[in-house]
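J.: Top line first, the protein sequences correspond to chains F and E. Using UniProt numbering, count along the first sequence one by one with no gaps and you end on 259. Using UniProt numbering, count along the second sequence one by one with no gaps and you end on 275.
Simulated from the structure, these hints should not be mistaken for laboratory data. Hints should not be assumed to be uniformly reliable.
[What the hints assert, rightly or not] Derived contacts from chain F toward chain E, CB cut-off under 7 Å, selection only:
(1) T9
(2) Y14
(3) L18
(4) A75
(5) L108
(6) W115
(7) L116
(8) F135
(9) G196
(10) G199
(11) T216
(12) V219
(13) S236
(14) M240
(15) T246
(16) R255
[What the hints assert, rightly or not] Under 8 Å between C-beta atoms, here's a sample of chain F residues computed to sit facing chain E:
(17) F31
(18) T72
(19) V134
Quick caveat, the model's predicted, so the values are computed rather than measured. Heads up, the beta-carbon is just placed ideally off N, CA and C, and yes, glycines get one too.
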Amino acid sequence: MSTRIALRTAALGYLGVLVLVPLAMILYRTFEDGLVAFFQSVTTPAAISAISLSLTIVAIVVPLNVVFGLVTALALARGNFPGKGILQAVVDLPFAVSPVIVGVALILFWGNDGWLGGALPVIFSLPGMVLATVFVTLPFVVREVEPVLREIGTEQEEAASTLGASRWQTFWRITLPAIKVGVFYGVVLTVARSLGEFGALTVVAGGVAGESQTLTLLVHARYIDDHNTFGAYAASTVLMGLALVTLVLMALLERRREA
Amino acid sequence: MASLAVPKPPARTRRNLGGGVGPIGLGVASLWLSLIVLLPLAAVFTKSLEAGPAEFWDAITAPSARYALLLTTAISALVALINVVTGTLIAWVLVRDEFRGKSLVNAIIDLPFALPTIVASIVLLSLYGPRSPVGIHLYATKPAVIVALAFVTLPFVVRSVQPVLMEVDREAEQAAASLGASGWTTFRSIILPALYPALLGGAGLAFARAIGEFGSVVLIGGGIPRDTEVASQYIAKQIETDRPASAAAVSVTLLAISFVVLFAIRWFTKRKGVA
Numbered sequence: 001m002s003t004r005i006a007l008r009t010a011a012l013g014y015l016g017v018l019v020l021v022p023l024a025m026i027l028y029r030t031f032e033d034g035l036v037a038f039f040q041s042v043t044t045p046a047a048i049s050a051i052s053l054s055l056t057i058v059a060i061v062v063p064l065n066v067v068f069g070l071v072t073a074l075a076l077a078r079g080n081f082p083g084k085g086i087l088q089a090v091v092d093l094p095f096a097v098s099p100v101i102v103g104v105a106l107i108l109f110w111g112n113d114g115w116l117g118g119a120l121p122v123i124f125s126l127p128g129m130v131l132a133t134v135f136v137t138l139p140f141v142v143r144e145v146e147p148v149l150r151e152i153g154t155e156q157e158e159a160a161s162t163l164g165a166s167r168w169q170t171f172w173r174i175t176l177p178a179i180k181v182g183v184f185y186g187v188v189l190t191v192a193r194s195l196g197e198f199g200a201l202t203v204v205a206g207g208v209a210g211e212s213q214t215l216t217l218l219v220h221a222r223y224i225d226d227h228n229t230f231g232a233y234a235a236s237t238v239l240m241g242l243a244l245v246t247l248v249l250m251a252l253l254e255r256r257r258e259a
Numbered sequence: 001m002a003s004l005a006v007p008k009p010p011a012r013t014r015r016n017l018g019g020g021v022g023p024i025g026l027g028v029a030s031l032w033l034s035l036i037v038l039l040p041l042a043a044v045f046t047k048s049l050e051a052g053p054a055e056f057w058d059a060i061t062a063p064s065a066r067y068a069l070l071l072t073t074a075i076s077a078l079v080a081l082i083n084v085v086t087g088t089l090i091a092w093v094l095v096r097d098e099f100r101g102k103s104l105v106n107a108i109i110d111l112p113f114a115l116p117t118i119v120a121s122i123v124l125l126s127l128y129g130p131r132s133p134v135g136i137h138l139y140a141t142k143p144a145v146i147v148a149l150a151f152v153t154l155p156f157v158v159r160s161v162q163p164v165l166m167e168v169d170r171e172a173e174q175a176a177a178s179l180g181a182s183g184w185t186t187f188r189s190i191i192l193p194a195l196y197p198a199l200l201g202g203a204g205l206a207f208a209r210a211i212g213e214f215g216s217v218v219l220i221g222g223g224i225p226r227d228t229e230v231a232s233q234y235i236a237k238q239i240e241t242d243r244p245a246s247a248a249a250v251s252v253t254l255l256a257i258s259f260v261v262l263f264a265i266r267w268f269t270k271r272k273g274v275a
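Put together the whole structure using the sequences plus the hints.
T.: Okay, here's the thing in structure tokens:
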């Protein structure tokens, strides 16, 4: 039995040193000067603007991913067409591409010297940040919804359309309720990843304080440019709080999916 | 969604039934994926080869570029290896051990996935950075890069091994134990073979994640060329200094390394699965 204790100690020790103690440390540093200091640090004009930019990006990215994710998932789960394997592979690509390379790709495609010759003002502005975030979060909704679609099959939908329901009615009344939890799960993952995206944004975004600076870019700028360690900790704590909400939501959805 | 909104097509074939999005939906999906993912990546490939293969080679063998690529590959492999050991250990404890707070520990495993990478960097800095309360100063050292990558890749092996470990045949283990095999022998000859595919898969994902990682390394790694600068930092710097062709060449190389590793692992596990 002593091996058991030794293994447990080793596993918990590793987790403690790598994850738990650092997390406790940053919380301590954030709140050691009291709640007021924390609150002031995350409500400066630059911080407010960063938070609202991050939320704006989420608000644009989530509907895009839901709509196009559902269409893609339906095509992949139900369709039977040449090149389906390629489409499957392309959906997974964003997971295998470094965020920095995503940024490079966007610049080389949309940028002034890129394929589109800067026809659309995308880089260093909101559209570029949205495109970068859509790129890195693209697989989530598709990959959460597609297996559910396969599982539920098409019988109920066929029954509905035999009874005279239109495609649109069938989708709203039969398909959507069945895949609801999967869609939510995909959205939660998308929101978390959108709020946390950094690598692609450093390349694509201008990072101008109060203008094109998201919450993650603010953390970086405060630490590196402003030598405002406390401010960086405080902004990180906000992001950590959002991550925690994500984890809780995921756990709740997981429970519902298993039920 | 356009095709979904089409009101009642008069005659539908059976194949189009059932919420399928039809050719228009397929077109929309393909166009979307191309515009968002494929064409931008294609632009990286063409840019990298624009000036010819010699330029490409020069770009990736420039001293700092070569160092960054080698360092990234070596450290990612090391981190994958660390994960194989610690991930198996943690999965084992989570499956076979019972103690108070186990479900909390289980939840903590996913934390590195949920945390933004830049927060991972800050979190580790607060403990191992310049103001370290425990006197461990890792800032701008290779161990710092290793710690950061171990942090962000923590869940992969644990989550791939855990379900397999739950399914492992306990009877074979008990038989081995009753025949006098030590705990370690039982583990090595009965459990480990069953874990191989999951271990390889998890390690492969950890490697692929580590090789492209940027946010978690950027603050704590320091980004010193030919010392702690990883490939993604090098690429970002090439873009900042307006050398897109060089950035593209290193990007393509990095992508190639991770694809080769992922495909090799998929091929290997498939072959093992058949045998």
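J.: None of the hints should be skipped; say for each whether it holds.
T.: These are the hints, each one checked on the structure:
1. A hinted interface residue such as T9(F) counts as satisfied when its beta carbon comes closer than 7 Å to some beta carbon of chain E; here the least separation is about 9 Å, so the hint is violated.
2. Restraint check, Y14(F) versus chain E: the minimum CB separation of about 5 Å is within 7 Å; hint holds.
3. At about 6 Å, the closest approach between the beta carbon of L18(F) and any beta carbon in chain E falls short of 7 Å, and the interface hint on this residue holds.
4. For A75(F), the interface hint holds, since its Cβ comes within 7 Å of a Cβ in chain E; the closest pair sits about 5 Å apart.
5. The interface hint given for L108(F) is met, as the beta carbon of that residue sits about 4 Å from the closest beta carbon of chain E, less than 7 Å.
6. Nearest Cβ of chain E to the Cβ of W115(F): about 5 Å, under the 7 Å cut. The hint holds.
7. Taking 7 Å as the C-beta cut-off, the interface hint given for L116(F) is violated, the closest approach to chain E being about 9 Å.
8. Contact between F135(F) and chain E, as hinted, is supported at the beta carbon level, the nearest pair being about 6 Å apart and thus within 7 Å.
9. Of the supplied interface hints, the one on G196(F) holds, with its beta-carbon coming within about 3 Å of a beta-carbon of chain E, less than 7 Å.
10. Checking G199(F) against chain E by beta carbon gives a least distance of about 4 Å; that is within 7 Å, so the hint holds.
11. Contact between T216(F) and chain E, as hinted, is supported at the beta carbon level, the nearest pair being about 5 Å apart and thus within 7 Å.
12. The beta carbon of V219(F) comes within 5 Å of a beta carbon in chain E, closer than 7 Å, and the hint placing it at the interface holds.
13. Restraint check, S236(F) versus chain E: the minimum CB separation of about 5 Å is within 7 Å; hint holds.
14. A least Cβ separation of about 6 Å between M240(F) and chain E falls short of the 7 Å threshold, and the interface hint therefore holds.
15. For the restraint placing T246(F) at the interface with chain E, the shortest Cβ-Cβ distance is roughly 5 Å, inside the 7 Å limit, so the hint holds.
16. Because the beta carbon of R255(F) sits about 12 Å from the nearest beta carbon in chain E, more than 7 Å, this interface hint is broken.
17. Against a cut-off of 8 Å between C-beta atoms, the interface hint on F31(F) is violated, since the closest Cβ of chain E lies about 12 Å away.
18. A cut of 8 Å between beta carbons decides the hint on T72(F): the least distance to chain E is about 4 Å, and the hint holds.
19. Proximity of V134(F) to chain E holds as hinted, the smallest CB-CB distance being about 6 Å (cut-off 8 Å).
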